[in-house]
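2 protein chains.
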Amino acid sequence: MRSLKGRLDLCAVNTATLGYQLPIEETVEAVARAGFGAIAPWRRELDAHSAASVGRQIRDAGLKVSGFCRSTYIPAASRAQFLENIEDNRRALEQAAELNAACFVMVAGGLPEGSRDLPAARAQLQEGIDTLLGHARKVNVPLALEPLHPMYCADRSCLSTLEQALDLCQALDPERAGMLGVAVDVYHVWWDPKLEPQIARAGHERRALAFHVCDWLVPTRDLLLDRGMMGDGVIELQRIRRCMEHSGYTGAVEVEIFSRDNWWKRAVSETLTTCAERLQSVC
Amino acid sequence: MRSLKGRLDLCAVNTATLGYQLPIEETVEAVARAGFGAIAPWRRELDAHSAASVGRQIRDAGLKVSGFCRSTYIPAASRAQFLENIEDNRRALEQAAELNAACFVMVAGGLPEGSRDLPAARAQLQEGIDTLLGHARKVNVPLALEPLHPMYCADRSCLSTLEQALDLCQALDPERAGMLGVAVDVYHVWWDPKLEPQIARAGHERRALAFHVCDWLVPTRDLLLDRGMMGDGVIELQRIRRCMEHSGYTGAVEVEIFSRDNWWKRAVSETLTTCAERLQSVC
Numbered sequence: 001m002r003s004l005k006g007r008l009d010l011c012a013v014n015t016a017t018l019g020y021q022l023p024i025e026e027t028v029e030a031v032a033r034a035g036f037g038a039i040a041p042w043r044r045e046l047d048a049h050s051a052a053s054v055g056r057q058i059r060d061a062g063l064k065v066s067g068f069c070r071s072t073y074i075p076a077a078s079r080a081q082f083l084e085n086i087e088d089n090r091r092a093l094e095q096a097a098e099l100n101a102a103c104f105v106m107v108a109g110g111l112p113e114g115s116r117d118l119p120a121a122r123a124q125l126q127e128g129i130d131t132l133l134g135h136a137r138k139v140n141v142p143l144a145l146e147p148l149h150p151m152y153c154a155d156r157s158c159l160s161t162l163e164q165a166l167d168l169c170q171a172l173d174p175e176r177a178g179m180l181g182v183a184v185d186v187y188h189v190w191w192d193p194k195l196e197p198q199i200a201r202a203g204h205e206r207r208a209l210a211f212h213v214c215d216w217l218v219p220t221r222d223l224l225l226d227r228g229m230m231g232d233g234v235i236e237l238q239r240i241r242r243c244m245e246h247s248g249y250t251g252a253v254e255v256e257i258f259s260r261d262n263w264w265k266r267a268v269s270e271t272l273t274t275c276a277e278r279l280q281s282v283c
Numbered sequence: 001m002r003s004l005k006g007r008l009d010l011c012a013v014n015t016a017t018l019g020y021q022l023p024i025e026e027t028v029e030a031v032a033r034a035g036f037g038a039i040a041p042w043r044r045e046l047d048a049h050s051a052a053s054v055g056r057q058i059r060d061a062g063l064k065v066s067g068f069c070r071s072t073y074i075p076a077a078s079r080a081q082f083l084e085n086i087e088d089n090r091r092a093l094e095q096a097a098e099l100n101a102a103c104f105v106m107v108a109g110g111l112p113e114g115s116r117d118l119p120a121a122r123a124q125l126q127e128g129i130d131t132l133l134g135h136a137r138k139v140n141v142p143l144a145l146e147p148l149h150p151m152y153c154a155d156r157s158c159l160s161t162l163e164q165a166l167d168l169c170q171a172l173d174p175e176r177a178g179m180l181g182v183a184v185d186v187y188h189v190w191w192d193p194k195l196e197p198q199i200a201r202a203g204h205e206r207r208a209l210a211f212h213v214c215d216w217l218v219p220t221r222d223l224l225l226d227r228g229m230m231g232d233g234v235i236e237l238q239r240i241r242r243c244m245e246h247s248g249y250t251g252a253v254e255v256e257i258f259s260r261d262n263w264w265k266r267a268v269s270e271t272l273t274t275c276a277e278r279l280q281s282v283c
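Protein chains in written order, with the working numbering: chain A, 1 to 283; chain B, 1 to 283.
Hints may be right or wrong, so weigh each one.
Note that the list lumps identical chains together, so a pair holds whenever it fits in one copy or between two copies.
Okay, derived cross-link-like pairs now, EDC-like style, lysine to aspartate or glutamate, Cα gap no bigger than 16 Å in a straight line [claimed, not checked]: (1) Lys5 <-> Glu277; (2) Lys265 <-> Asp226; (3) Lys194 <-> Asp117; (4) Lys64 <-> Glu98; (5) Lys265 <-> Asp60; (6) Lys5 <-> Glu25; (7) Lys265 <-> Asp47; (8) Lys5 <-> Asp47; (9) Lys64 <-> Asp173; (10) Lys5 <-> Glu84; (11) Lys194 <-> Glu163; (12) Lys138 <-> Glu45; (13) Lys194 <-> Glu236; (14) Lys64 <-> Glu25; (15) Lys64 <-> Asp167; (16) Lys194 <-> Asp167; (17) Lys138 <-> Glu94.
Keep in mind the hints are simulated off the structure, nothing from the lab.
Same shape as in the complex, but just chain A (with noise of 0.2 Å):
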């Protein structure tokens, strides 16, 4: 495993952690100020900018993007609404280009409005992703599905194991062209009986895409947004990193933290400041 000792360009800071506080100009500094390597941006902060400029500013930076997160959910009510979803993910995989982003995070959205039907929902899924990963050969960016914890599965993923997303890849993808992985957050996997054999069964099928870090909080307050510091939880980080990259994985170590109620509210350079921190000392 690598050491992450005075290795912060191997890490990767999610603007999500930051609560989006600032301009993404200004983030994009103050990130790698922090001596970062990389930075994976939302969709939601390039609004008022091109891609391509935000792109330039990162590189100039000196930054790398380990991620552009992330796409609109797929499954849908209407037909309509399916193939809007799609289209949307495709100008959002133009983007990704643009900002040379290492992948495309895709989340896969959960059951339709009205909806009970979790293989309809999944069916979709796979319609959609096999639709834009012919888009994705085009621009040259990999898609890395992104299982969601279980407790996401009614409202943000029908993908909800690193298994069912590595099935899902062996299905559309049985030739592993390298357009079409996965991404590992331990916030999303840690609890699964079957974490080891299939980490590195994405090293050996060559998918392993993104490693997202966080941690668990016992007790979780909120099933969306209280996501822990790594270190103050009780996820074994070393342990996963180590099947990660023992697999193969050689990405960044990206940190993501949905926190509303406490590192969301805390200053932009407090919070790079304790992930540079934990990264370099338990993760």
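Fit chain B to the known structure of chain A by using the hints.
Showing chain B alone in chain A's frame:
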């Protein structure tokens, strides 16, 4: 699949659903009066009574005991505490026998205080179940391992999926002697992409000992105490019950709802009436 219309005798009420508003003797009467065929009491309700006398009262009311809730968590920070947990579960098993319970519901427990070692917690669980299985055979009460939703992995259950539970059963009881199986609660497993094949497996391996229903609300406002009444959420209840019964399950359909801010505030009679109605219409 069995029709539940006019067949409340096939249905059970887990007393947690009623928020422990009444002493157990009144709860038993209320459940019997509402027409249910079985009840699943909690250990805390027996504190002031002998299990034998409560068991007699339940039988006199014409009810069966679909399950006895629940085990003391097994993983512990010290060997002494681990052994104490096992001993406490032995005593509970004796109560389960006096109640003539169809099964003893086992909730595994999560990480011991101060630990991040999930594989070690799972090893303790396996050792604990192995020890208790001998006692279960002696008192003739099957152990029903209940995988809990992965969001409880840290503090309530390192047993997180049906597949993991069935693997554990297979490891400890390869001869399938009938004293080790699983409790399938829709709340905990509905999201699982492998749910249908694992339910089929549970049937094939003769492990299905209990089936619990409630619903997953969107949004879910509390990780523990915001379960929904059947029909108020997004779980496709009939699909899951069909799987269970196709796989050979013939036991009770038991309602178990933890709902601090809604059902626990209502009158017991109203909750029972609604359970009865929903069991016959949406389950």
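Which earlier hints can't be squared with this structure?
5, 6, 7, 8, 9, 10, 12 and 15
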